[in-house]
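K.L.:
Chains as they are written, first to last, in this note's numbering: chain A, 15 to 234; chain B, 15 to 234; chain C, 15 to 234; chain D, 15 to 234; chain E, 15 to 234; chain F, 15 to 234; chain G, 15 to 234; chain H, 15 to 234.
Check the hints yourself; a few may be wrong.
Cβ pair distances, simulated, as ranges [as the list claims (entries may be wrong)]: (1) E:L139 to B:L29: 26 to 36 Å; (2) A:R143 to C:A35: 29 to 39 Å; (3) E:G44 to F:G137: 25 to 35 Å; (4) G:D55 to A:G68: 50 to 60 Å; (5) C:A35 to G:A35: 50 to 60 Å; (6) H:E32 to E:D55: 30 to 40 Å.
Don't read these hints as lab results, they were simulated from the structure.
Idealized CB from N, CA, C, for every residue including glycine.
Listed below, chain by chain, are the residues.
Number of protein chains: 8
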Amino acid sequence: ARCGHGEVIYAAGKLPHEVVAIAQELLERGSSPCVLATRCDDAQVAAMREAFDGKQPIEVGERCGAVIVGTAESKSTTPIPIVTAGTSDLKVAEEVALTCKALGFEPYPINDVGVAGLHRIMGRLDEVRAGNCVVVVAGMEGALPSVVGGLVDVPVIAVPTSVGYGASFGGLSALLGMLNSCASGVTVVNIDNGFGAAYAACQIERAVLRGGRNPENGSG
Amino acid sequence: ARCGHGEVIYAAGKLPHEVVAIAQELLERGSSPCVLATRCDDAQVAAMREAFDGKQPIEVGERCGAVIVGTAESKSTTPIPIVTAGTSDLKVAEEVALTCKALGFEPYPINDVGVAGLHRIMGRLDEVRAGNCVVVVAGMEGALPSVVGGLVDVPVIAVPTSVGYGASFGGLSALLGMLNSCASGVTVVNIDNGFGAAYAACQIERAVLRGGRNPENGSG
Amino acid sequence: ARCGHGEVIYAAGKLPHEVVAIAQELLERGSSPCVLATRCDDAQVAAMREAFDGKQPIEVGERCGAVIVGTAESKSTTPIPIVTAGTSDLKVAEEVALTCKALGFEPYPINDVGVAGLHRIMGRLDEVRAGNCVVVVAGMEGALPSVVGGLVDVPVIAVPTSVGYGASFGGLSALLGMLNSCASGVTVVNIDNGFGAAYAACQIERAVLRGGRNPENGSG
Amino acid sequence: ARCGHGEVIYAAGKLPHEVVAIAQELLERGSSPCVLATRCDDAQVAAMREAFDGKQPIEVGERCGAVIVGTAESKSTTPIPIVTAGTSDLKVAEEVALTCKALGFEPYPINDVGVAGLHRIMGRLDEVRAGNCVVVVAGMEGALPSVVGGLVDVPVIAVPTSVGYGASFGGLSALLGMLNSCASGVTVVNIDNGFGAAYAACQIERAVLRGGRNPENGSG
Amino acid sequence: ARCGHGEVIYAAGKLPHEVVAIAQELLERGSSPCVLATRCDDAQVAAMREAFDGKQPIEVGERCGAVIVGTAESKSTTPIPIVTAGTSDLKVAEEVALTCKALGFEPYPINDVGVAGLHRIMGRLDEVRAGNCVVVVAGMEGALPSVVGGLVDVPVIAVPTSVGYGASFGGLSALLGMLNSCASGVTVVNIDNGFGAAYAACQIERAVLRGGRNPENGSG
Amino acid sequence: ARCGHGEVIYAAGKLPHEVVAIAQELLERGSSPCVLATRCDDAQVAAMREAFDGKQPIEVGERCGAVIVGTAESKSTTPIPIVTAGTSDLKVAEEVALTCKALGFEPYPINDVGVAGLHRIMGRLDEVRAGNCVVVVAGMEGALPSVVGGLVDVPVIAVPTSVGYGASFGGLSALLGMLNSCASGVTVVNIDNGFGAAYAACQIERAVLRGGRNPENGSG
Amino acid sequence: ARCGHGEVIYAAGKLPHEVVAIAQELLERGSSPCVLATRCDDAQVAAMREAFDGKQPIEVGERCGAVIVGTAESKSTTPIPIVTAGTSDLKVAEEVALTCKALGFEPYPINDVGVAGLHRIMGRLDEVRAGNCVVVVAGMEGALPSVVGGLVDVPVIAVPTSVGYGASFGGLSALLGMLNSCASGVTVVNIDNGFGAAYAACQIERAVLRGGRNPENGSG
Amino acid sequence: ARCGHGEVIYAAGKLPHEVVAIAQELLERGSSPCVLATRCDDAQVAAMREAFDGKQPIEVGERCGAVIVGTAESKSTTPIPIVTAGTSDLKVAEEVALTCKALGFEPYPINDVGVAGLHRIMGRLDEVRAGNCVVVVAGMEGALPSVVGGLVDVPVIAVPTSVGYGASFGGLSALLGMLNSCASGVTVVNIDNGFGAAYAACQIERAVLRGGRNPENGSG
Ligand SMILES: Nc1ncnc2c1ncn2[C@@H]1O[C@H](COP(=O)(O)O)[C@@H](O)[C@H]1O
Ligand SMILES: Nc1ncnc2c1ncn2[C@@H]1O[C@H](COP(=O)(O)O)[C@@H](O)[C@H]1O
Ligand SMILES: Nc1ncnc2c1ncn2[C@@H]1O[C@H](COP(=O)(O)O)[C@@H](O)[C@H]1O
Ligand SMILES: Nc1ncnc2c1ncn2[C@@H]1O[C@H](COP(=O)(O)O)[C@@H](O)[C@H]1O
Ligand SMILES: [Mg+2]
Ligand SMILES: [Mg+2]
Ligand SMILES: [Mg+2]
Ligand SMILES: [Mg+2]
Ligand SMILES: [Mg+2]
Ligand SMILES: [Mg+2]
Ligand SMILES: [Mg+2]
Ligand SMILES: [Mg+2]
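All chains, full assembly: derive it from the sequences and hints.
P.N.:
Structure, rendered in structure tokens:
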């Protein structure tokens with residue numbers, strides 16, 4: 015594993031059998047009841063299905079190519095709201111959702127609530143405010159995190175997507191928009207990095223579960 | 015002369031006495047009852063005041079350095095809403111307003127209604143919707159035109175400003191955000207180009223005043 | 015619909031049957047007598063033809079993949095001049111034209127009048143000046159809107175195209191040229207965004223049709 | 015008001031007396047026992063001192079120009095580790111620290127532990143791991159968040175700084191480095207945006223204090 | 015001399031007395047009857063005046079800081095048309111003119127004929143066509159070389175200028191526009207490089223004077 | 015027609031039969047004894063061969079896809095040196111050569127003389143110096159025009175190529191290198207624009223053939 | 015050969031039979047006992063195998079497409095450590111290794127020691143420190159050379175790779191990170207340029223073998 | 015301390031007395047007989063002179079602001095050639111030279127040998143070839159390292175400088191040119207980073223002095 019998170023495989027650039035082999039090894043090692051492979055292409059998904067179908071529960075994100083083998087141990091049922099601007103952002107939002115699941119947390123998708131139709135997000139405010147943090151996924155001008163950031167009082171993790179054309183420059187426009195957000199409490203991950211956003215969100219949930227390390231708070 | 019518009023002087027890079035001389039010549043030529051000089055620095059403003067105070071009405075935009083000498087002939091009293099996100103965008107908004115005035119139209123400023131506090135723009139919807147077009151001025155992530163574009167049914171002219179720091183890259187971030195706006199009907203001018211946005215807005219007003227060239231509409 | 019304009023589908027990234035289904039739903043909902051889908055690829059066009067041929071009028075832009083199903087209600091017969099520099103810009107100009115049609119307005123193409131042969135645009139000045147606004151489509155150096163802006167006294171909506179190679183950087187060069195236009199009254203949309211330019215143009219026409227909201231003008 | 019957060023003033027571009035006036039108004043309104051003004055220049059700091067010295071407790075960050083007037087109500091004593099790479103990053107780190115203080119939380123600076131001398135960060139691991147999140151401030155190649163992210167199991171908020179020259183391109187290099195961090199759980203704010211990083215960190219602390227909204231957790 | 019052209023000094027970054035000393039040495043060496051120093055600031059101009067006034071003819075470009083000491087030997091009286099778009103481009107055009115003079119050729123300025131007012135260039139076509147090549151100087155969108163290139167049948171040397179603001183990005187916009195010119199025969203030099211454009215133009219004139227090296231042409 | 019030059023077709027983006035049809039029309043119109051089509055792909059080349067083989071002389075550049083139909087009238091036999099750095103630049107150099115031919119001039123290729131082996135260019139100095147101008151084609155760092163510019167006393171037209179990888183950024187690196195050339199008299203065209211460089215070179219040759227317009231020179 | 019190193023072929027853009035022919039010619043010329051071809055695609059590798067299998071020793075890098083024909087004469091057995099961050103960087107690292115071999119030096123790969131898991135590089139410090147220089151290959155944020163540079167006291171040659179997505183911008187992010195390294199003694203080559211890094215490393219080894227040219231050191 | 019190298023101070027952004035204090039502490043600590051402070055401005059240089067004049071040998075680089083206090087222990091007298099293109103590069107070359115001195119090695123400047131006058135570098139080939147490595151300093155198009163790399167058989171360390179204007183983009187053009195060098199064995203440091211280039215060069219010299227770690231070479 016590249017960066018030390020043993021249970022996660024970044025499939026891009028690996029051969030199908032390599033992905034399967036790493037997944038098997040990780041499951042056998044037993045440090046986690048499930049394994050997540052992100053960015054699998056069709057051949058890699060097929061290889062994973064062939065290797066694990068009937069032996070292990072397997073869940074595949076059809077849009078984003080994330081694959082979970084095994085069943086994550088649930089750590090919390092607090093919803094992690096995943097807010098998306100438009101249809102085209104669903105691919106990245108799915109990577110967020112499957113990563114949350116694999117880490118034992120509850121993804122809660124709130125789709126198609128882009129800023130050019132404010133009534134949509136306004137109509138779902140209670141759901142957006144139900145979590146300890148919010149993940150916001152948007153392409154094009156990347157304005158949604160600013161709007162969400164102004165509506166909630168928890169950390170907003172913004173994921174720019176490469177959705178768009180022309181001057182969207184492969185997600186650069188959305189990325190810059192999010193970095194310059196005038197709403198406080200918005201932090202940003204790489205373009206299309208649904209995995210990273212979910213990982214950060216789950217770390218926040220874990221901190222909440224632990225109850226803080228504050229001595230005055232009576233905890234570790 | 016700013017590319018052939020006889021009544022407007024782009025003062026940047028001209029000597030104070032040159033600005034005054036051009037203004038005098040334009041007024042004498044008499045094709046327009048007033049002259050507008052944009053981007054005047056302190057010395058240029060002082061020279062203009064010295065040359066025209068007591069002789070001609072003179073109005074100075076303290077933030078943006080636009081100077082109107084003479085009185086524009088009023089063409090219309092329909093308000094042109096000029097919506098700004100934050101305090102720092104007022105400089106550019108002032109250039110929009112003074113240009114509208116110099117061209118004979120009514121600027122109508124709606125300030126400090128940035129997207130991180132939606133109640134602010136929501137509370138002023140009637141005013142935003144009162145015009146035949148809307149000028150929206152915003153820096154940083156440039157999200158306001160998308161929100162406004164979703165709330166009105168008239169053309170939105172977006173002006174990115176160089177307000178911001180770091181990854182705002184001198185207004186590039188706002189510019190890209192506006193070009194990628196997911197709201198239909200948003201068009202964009204150069205960074206900080208309040209003059210150009212106002213000019214385009216006034217051309218729309220003029221088209222409305224003319225009543226169209228549509229034969230079926232009974233006009234020219 | 016992402017941005018609240020119910021009658022328009024952005025087909026890129028959707029499955030053919032999804033595009034058809036959305037179109038059917040929009041038509042059934044009946045808020046508009048026609049529906050427009052932009053950026054359809056061959057498979058999406060085929061699916062639309064199969065679904066609607068014989069049942070509904072259907073018009074397909076062969077170059078740009080825009081599809082109109084149903085017949086728009088005509089709102090005005092004032093021509094909207096669509097000026098293009100060269101052959102390669104015709105694809106984007108077609109998206110402008112079909113969008114105008116779908117919104118009930120009259121596209122009026124004026125093709126192949128690029129600035130390196132000025133007699134071409136000069137020979138068609140009357141046509142260029144016949145509208146309440148002009149849409150100008152150009153790639154490479156994007157100089158045409160400046161020239162047109164100097165020749166007409168109505169708003170110019172400039173569409174940079176990704177036509178070109180090398181230092182055209184996918185339309186960036188044309189985009190920057192248009193943003194820096196020295197002609198007043200030029201506003202700009204995203205690279206290749208024929209839809210957006212047409213939408214803005216039609217909003218101007220609508221404002222003209224409404225006759226303004228100016229109390230002194232006896233309206234709105 | 016910085017996008018609706020009543021207690022924080024972004025001083026850049028405001029006149030000294032304007033900053034003072036806003037601060038006074040905010041304090042009188044009484045919604046918060048203290049007010050924070052960031053990015054004050056010398057004249058603004060002087061005006062604040064003159065206005066408040068002897069009347070209110072006042073704390074000034076000499077490097078970053080942040081000013082706290084009044085005393086924040088302490089919300090938690092859990093340390094928020096603020097890790098910096100080199101001397102030149104102290105300016106931004108100070109903005110992080112003062113913002114934490116103004117929001118009622120405990121900044122805990124860990125300075126001069128850049129990645130070219132790993133023993134430095136290794137020698138202070140216990141301190142780095144003592145919080146519910148970590149803020150990492152670094153310029154130049156922006157490598158420190160990746161190293162810290164690999165050493166801790168809490169969210170890492172990375173602040174790129176404009177420290178450097180040549181190909182650092184005003185912080186762009188550090189920003190890109192952090193966005194591409196191979197350590198999971200790293201999120202990023204704008205270049206030099208110490209305020210934003212601190213705000214996000216304090217929101218995490220607040221979530222921890224609230225104990226989560228998880229029904230199974232017996233809360234919210 | 016950096017690049018082997020002994021008679022030209024690039025003054026930027028040199029001390030006043032260094033510029034004078036190099037000029038004296040070049041004149042004494044006697045390989046050329048005059049010397050050109052470009053980009054002199056006020057102090058350098060003053061030093062040159064003090065050193066040479068009364069001893070040598072001296073001509074100073076007040077806008078661009080080019081200084082000619084001595085008298086160039088005239089090589090040709092064919093005019094080299096130097097076409098500029100607007101007032102702000104005069105600085106660079108002056109560098110073109112003085113370099114032509116220093117090399118023994120005839121600059122012929124044609125000013126203020128930008129593309130947003132085509133009648134201006136149209137009214138001076140004979141003059142534009144009088145040379146063996148044309149130098150075109152323009153900032154902002156850099157459209158003028160395309161228009162000129164379409165009107166003449168000789169090489170067009172385009173000089174982008176850093177005139178403009180916002181998305182002109184210090185001349186980048188004009189540079190890209192010129193590189194993408196749809197007119198054939200346009201070549202481009204660096205932003206603000208009036209010296210280089212003039213040098214290339216004079217080399218063309220020299221080739222014409224030599225009458226070609228074509229044996230069938232009866233020459234060298 | 016490529017911006018008004020009737021005899022040249024820019025094939026990119028046209029259908030094979032369209033290219034053939036335009037070529038036929040141009041030949042029939044008879045203003046020129048030959049026609050040039052650049053950037054033809056395999057299908058377009060095949061269509062041209064099928065249409066003209068046996069009827070007209072036809073010459074095809076296998077690397078660059080330029081096609082000449084008919085025989086150009088020779089205007090001059092002075093060689094136009096076309097200097098290339100490496101094998102990969104031959105494609106663009108071929109476009110230069112065929113364009114020169116189609117315009118009636120003599121291309122003279124001098125290949126594989128890149129700057130990392132100076133003896134190669136040094137060994138061919140006489141050939142490099144034999145023309146009235148030189149075209150230099152180079153990718154990667156684009157250093158060859160500076161070296162050639164220092165060795166010859168005629169105009170150097172530099173063509174950056176998209177040859178390279180990584181930080182060559184599709185020819186941007188070579189382009190910037192050439193624009194910053196420290197050799198005087200170097201002018202630059204767009205990346206991979208062999209056509210434009212040849213066109214400019216031939217215009218210089220034409221000026222030489224005409225013998226100048228200088229009255230003192232006894233001509234034009 | 016473009017750059018004068020007769021024994022190395024850059025296969026990209028050459029036909030398979032051309033690569034074979036150049037290799038044969040170089041081997042026959044006999045200046046070196048082996049030849050290296052980099053960046054061979056599948057067809058080129060196949061042609062090389064067919065031409066040389068059974069006649070000459072042939073070694074193929076399966077990931078990077080480098081091919082060595084013949085056997086290099088060993089110049090030194092000092093290991094050249096090649097440190098890589100993650101699996102995806104192995105392709106470039108292989109080009110480094112095969113180039114070292116072809117030049118007669120000993121590659122020593124140290125893989126999968128990225129900075130997000132410091133124990134990995136810490137556990138192999140002796141190996142990293144065993145050479146006269148170190149080559150470090152990394153993509154994404156490019157942080158590894160800074161860490162290695164702080165751990166060794168020999169020159170570090172950093173190779174950014176195009177591994178990553180989104181804001182990695184094809185290796186730009188890693189490149190900038192390495193250029194801004196805060197560790198002294200780090201120099202950088204082009205993105206993915208394993209060949210160039212190996213070549214520089216071997217030149218250092220050669221200098222060491224020669225024992226310096228320092229007279230006081232008693233050598234050449 | 016500049017990233018852990020105790021004997022070197024990076025003065026930029028430090029107060030004069032801070033630079034003096036660090037220098038004194040380093041000298042007292044005694045780990046090195048001298049200390050180097052780079053990038054001192056006038057006030058810092060003055061403070062250093064006042065603190066050390068008469069007490070310690072002190073050498074000041076007037077152009078680059080590097081200051082050496084104390085006397086370095088000579089490690090080698092092999093010259094390290096420092097090749098510069100033009101006058102304006104002398105500032106950075108001076109930083110290279112003083113850093114070499116402070117580290118105990120012999121700088122050997124070879125100035126004003128830019129590529130537009132090849133005879134200059136050709137006339138000094140013996141000197142360029144006298145070292146175990148070469149440092150090449152150049153701005154504008156950054157072509158010199160490619161030429162030098164083709165002439166020597168030792169590592170070339172290239173330093174791009176920010177010398178130039180317009181499309182030199184603060185040294186970016188030179189940086190890209192050097193990264194794309196077609197000469198093998200060229201490695202690159204940050205723009206204007208004379209210190210880093212010298213440090214890498216001295217590490218090569220140290221490796222040579224140590225005689226390698228190759229067992230077969232009879233050493234460590
Ligand atoms: N979609 C993704 N984007 C970014 N990083 C990822 C992604 N999926 C997995 N990773 C990271 O990549 C590591 C595995 O890399 P590898 O060892 O190459 O499979 C995981 O530990 C994660 O930190
Ligand atoms: N070619 C286009 N470019 C930009 N926006 C478009 C285009 N076509 C449609 N749209 C917008 O996309 C919306 C539909 O998006 P969707 O709901 O994803 O189909 C429409 O309401 C338009 O605002
Ligand atoms: N304004 C200018 N822009 C670009 N290059 C110039 C300029 N003025 C002079 N030069 C070149 O710089 C050389 C002199 O450089 P130097 O030896 O540094 O004075 C001349 O030979 C010209 O080639
Ligand atoms: N992978 C590579 N990247 C950069 N340069 C290379 C590479 N492989 C070979 N070269 C260089 O390219 C030259 C051969 O180029 P060519 O003559 O086109 O085959 C060699 O002498 C090397 O200097
Ligand atoms: Mg919030
Ligand atoms: Mg709207
Ligand atoms: Mg106009
Ligand atoms: Mg971690
Ligand atoms: Mg022409
Ligand atoms: Mg020359
Ligand atoms: Mg080191
Ligand atoms: Mg070499």
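K.L.:
Which of the listed hints are not met by the structure?
P.N.:
4
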